[in-house]
Amino acid sequence: RTKISVRESLDQLASKNTRQVYVHMLLHWPRCNDELEWMNCEEEENNLPQFVKDAGPPPHLDKQNAWKDSWRALEEMYNEHAAERHRSAGVDGKPIIASIGVSNFELDDMKALIEFAHVWPQIYQGNSWLI
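Okay, so the sequence shown: first residue is 4 according to my numbering, each after it adds one.
Everything labelled a hint here was simulated from the structure, so no lab data went into it. Just so you know, not all the hints are guaranteed correct.
Said to hold, decoys possible - Derived pair list, reagent style EDC-like, types lysine to aspartate or glutamate, alpha-carbon separation capped at 16 Å:
| # | residue 1 | residue 2 |
| --- | --- | --- |
| 1 | Lys66 | Asp112 |
| 2 | Lys97 | Glu11 |
| 3 | Lys71 | Glu118 |
| 4 | Lys56 | Glu45 |
| 5 | Lys97 | Asp111 |
| 6 | Lys71 | Glu38 |
| 7 | Lys66 | Glu83 |
As the structure is a computational prediction, the values presented were derived from the model and not from experiment.
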């Protein structure tokens, strides 16, 4: 599911830009948080197109581990873009994933990520007192 979303974003950027674009991808939340009123994961899941639903299980059903599949997908896509990052521009002008990172991960999440990750996050967006 993560790869579908990232590819769609990169394709949209490619269709609107004539210059080389470097993208910094964030895994925005490690899990659905039922305490946040605006976070309606089940409703969002129900509104997804069927091809996305068919790509894998709903992440809100495995709150402790779903982010791991998403992180692994970001790592794979980041590694696929490695050769383009080392050139001055992409071969065909497609957007290049320049870095990957996380947002809203707390200390326990960050510890688990560091133990799990093949590629460590290059960006952290969030409250530094939480890590």
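Against the structure, the hints:
no., hint, result
1, Lys66 with Asp112, "holds, 12 Å"
2, Lys97 with Glu11, "holds, 12 Å"
3, Lys71 with Glu118, "holds, 11 Å"
4, Lys56 with Glu45, "holds, 12 Å"
5, Lys97 with Asp111, "violated, 36 Å"
6, Lys71 with Glu38, "violated, 22 Å"
7, Lys66 with Glu83, "violated, 28 Å"
Violation of the numbered hints given earlier is confined to hints 5, 6 and 7; the remaining hints are satisfied by the structure.
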